[in-house]
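> Sequence:
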Amino acid sequence: MNFMTNDLRRASTILTRRDKQKIAIVVGLNIVLGFLDLLGVAAVGLVGALAVIGFGASTPSPRINQLMEFLNLNNLEFQLQVAILGIVAGVAFIVRTISSIYVNKRIMFFFSRKGASLANELFAKVLNQNLTGLRRRTTQEYNYLFGEGITNLTIGTLATASTIVSDLILLGILLAGILFADFGLGVTILFTFGGLGYFLNRLTGRRAKAIGTKDAALSLKSYLAIHDSISGFSERYAGNTLGSSVSDFHVLKNQHSEVLAQRQFLPILSKYLIESAVIFLALGVAAFQFLVGSAGQAIGALSIFLGAGSRIAPAVLRIQQSLVTFRASSKSTELTLELISELTHLAPLVGSEANLILEHNGFKGTVEISSASFKYPKTSSFVLDDISLQIPAGSFVAIIGPSGGGKSTLVDAMLGLVDLDKGLISISGEEPKVAISKWPGAVAYVPQSIVLTNESMIQNVISGYAETESNRRRALKMLELVHLNEIAIALPNGFDSEIGERGEKLSGGQAQRLGLARALFSGPQLLFLDEATSALDGETEKLVSETLVKLRGRTTIITIAHRLNTVKKADLVVYLENGRLRCSGSFEEVSSQVPGLASQIQSK
Numbered sequence: 001m002n003f004m005t006n007d008l009r010r011a012s013t014i015l016t017r018r019d020k021q022k023i024a025i026v027v028g029l030n031i032v033l034g035f036l037d038l039l040g041v042a043a044v045g046l047v048g049a050l051a052v053i054g055f056g057a058s059t060p061s062p063r064i065n066q067l068m069e070f071l072n073l074n075n076l077e078f079q080l081q082v083a084i085l086g087i088v089a090g091v092a093f094i095v096r097t098i099s100s101i102y103v104n105k106r107i108m109f110f111f112s113r114k115g116a117s118l119a120n121e122l123f124a125k126v127l128n129q130n131l132t133g134l135r136r137r138t139t140q141e142y143n144y145l146f147g148e149g150i151t152n153l154t155i156g157t158l159a160t161a162s163t164i165v166s167d168l169i170l171l172g173i174l175l176a177g178i179l180f181a182d183f184g185l186g187v188t189i190l191f192t193f194g195g196l197g198y199f200l201n202r203l204t205g206r207r208a209k210a211i212g213t214k215d216a217a218l219s220l221k222s223y224l225a226i227h228d229s230i231s232g233f234s235e236r237y238a239g240n241t242l243g244s245s246v247s248d249f250h251v252l253k254n255q256h257s258e259v260l261a262q263r264q265f266l267p268i269l270s271k272y273l274i275e276s277a278v279i280f281l282a283l284g285v286a287a288f289q290f291l292v293g294s295a296g297q298a299i300g301a302l303s304i305f306l307g308a309g310s311r312i313a314p315a316v317l318r319i320q321q322s323l324v325t326f327r328a329s330s331k332s333t334e335l336t337l338e339l340i341s342e343l344t345h346l347a348p349l350v351g352s353e354a355n356l357i358l359e360h361n362g363f364k365g366t367v368e369i370s371s372a373s374f375k376y377p378k379t380s381s382f383v384l385d386d387i388s389l390q391i392p393a394g395s396f397v398a399i400i401g402p403s404g405g406g407k408s409t410l411v412d413a414m415l416g417l418v419d420l421d422k423g424l425i426s427i428s429g430e431e432p433k434v435a436i437s438k439w440p441g442a443v444a445y446v447p448q449s450i451v452l453t454n455e456s457m458i459q460n461v462i463s464g465y466a467e468t469e470s471n472r473r474r475a476l477k478m479l480e481l482v483h484l485n486e487i488a489i490a491l492p493n494g495f496d497s498e499i500g501e502r503g504e505k506l507s508g509g510q511a512q513r514l515g516l517a518r519a520l521f522s523g524p525q526l527l528f529l530d531e532a533t534s535a536l537d538g539e540t541e542k543l544v545s546e547t548l549v550k551l552r553g554r555t556t557i558i559t560i561a562h563r564l565n566t567v568k569k570a571d572l573v574v575y576l577e578n579g580r581l582r583c584s585g586s587f588e589e590v591s592s593q594v595p596g597l598a599s600q601i602q603s604k
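First residue of the sequence shown: 1, per UniProt numbering; consecutive thereafter.
Hints listed in this document are in silico derivations from the structure and should not be mistaken for laboratory results. Hints should not be assumed to be uniformly reliable.
Label pairs and their computed distance ranges (CB to CB) [to be verified]:
(1) 449 <-> 380: 24 to 30 Å
(2) 501 <-> 246: 18 to 24 Å
(3) 108 <-> 403: 52 to 58 Å
(4) 378 <-> 139: 20 to 26 Å
(5) 370 <-> 244: 50 to 56 Å
(6) 346 <-> 370: 23 to 29 Å
(7) 147 <-> 491: 31 to 37 Å
A virtual CB, placed ideally from N, CA and C, is assigned to each residue, including glycine.
Modelling step: build the complete structure from the supplied sequences, incorporating the hints.
Dropping the structure here:
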């Protein structure tokens, strides 16, 4: 059981002191319920013994006389004794069963709610990481971790362990009672059922662990296969490789179905073996008792065995099935436990409802960068190397340079999405994270790849805010500002039409304009654009550029640019190369220091 102790110790780290106190109360209740089972088994055994005595087949043994005197039944008529004992056995078993159902229901709900609470906490911690930490795992891995991973940890591991402990307590109480009533019978039951449990554990244990590991791996691969095939549908269609996606998924699902079938079969195997064992043991006990003792003793022992067996056999079966579930679940929670360990030092992001604030009093759209250096974990070369820069409020800044020069990373650093190894960056005199929190909506960002949901254009613009009438009016104004009116006219419900998963009903340029409308929705005074107009045609790009130029003086605009027209309009041009600031200044000043600059930039 060492494997179980180690896995349980790791899994129980998610439990608080109060959680452990609640579990201790459940253990106490199970001890009480175990004595109800013992009472029922004793009553059944006495009924069997009294039945034989009543027909004159034998005389009561000293142990039976002691029990009858203890229960104050020795002076009653035979029929009344049997009736009372039968009622006691029935009531004890019924109360035990109903109480067990209630207790186990509470256990499952407790651990299910614990899983929901853990998922909420982990999700809040994941979103409180920097971008480097967030990208350690894929979206599909996060989907698995917050779904099956946490379920396997709380229900499959901890709740199952609780069930195992409850049934072990029941077995201990029943065996102690049987050993007291009939030592030889107790030893027989102990060794036969104990040996059977050990045999089943050896038979299914390693297989269950292997199944759990395969189940987790194949589930994750299936998520990835679906995501990759749907996300890359157009490319795979054009390359005529959709068939290979079907074949790969077919292989994965067939493998997974085999693993799931094996996982379901292991408990069934245990069930039939235990049922067969009970029948053969009952016959063996009866034969042995009739050979070595009187008929009364034999019937009494057989009654005790059958009464105890009716409770012990299901308990042994539940323990065996729970061990299979525990082994499989505990081995599929490795990724979840790793994530919990990684995020231990992080505080959860506090959930809150965003309120639209268009007046950002006290905020200045200044950015100051002092000796900023950054490298990714486990790498030696700096992506940003000793960069210093001052960006005044209201200016229009174009960041340019060859691919891989560090442009997007510099924007990430200015936003506080990555933590610098050296140097400082401030927005309006504060650290980026502090400024963003202190002045909600004052800073906005438009990435190169816009993330859209299968909602309306208006809902995508309002995303993160309440859908009030005033917010709808504001969203409509922003959509008109980025010239999406003609698109709305062509849609059945105008701006309220759903745009498809990931905005698939929109072109790349339309999606970028929608992303820009979302960024402008909060009235930012500092706007970051990561090649946010790269997919626009010349005419639309000109219209959007005119819109951005109108913001000059009120809003600081920092854009990663690849178009000559955009760069020429900038107040400040920043040229990055190999992670270093090669030069900065007006377009003319930078052009004089970078030969052939105009040819490096698109002339559209």
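> Taking the hints in turn, state whether each one holds.
For each hint, the structure was consulted:
At roughly 29 Å, the beta-carbon separation of residue 449 and residue 380 lies within the given 24 to 30 Å, and the hint holds. About 20 Å separates the C-beta atoms of residue 501 and residue 246, a value consistent with the hinted range of 18 to 24 Å. Evaluation of the 52 to 58 Å hint for residue 108 and residue 403 yields a pass: the beta carbon distance comes to about 54 Å. Separation of residue 378 from residue 139 is about 22 Å and conforms to the stated range, judged on CB atoms against 20 to 26 Å.
Distance hint for residue 370 and residue 244: a CB-CB separation of about 51 Å, consistent with the stated range 50 to 56 Å. For residue 346 and residue 370, the hinted distance range of 23 to 29 Å is satisfied, since their beta carbons lie about 27 Å from each other. For the pair residue 147 and residue 491, the supplied restraint of 31 to 37 Å holds, since their beta-carbon distance comes to about 34 Å.
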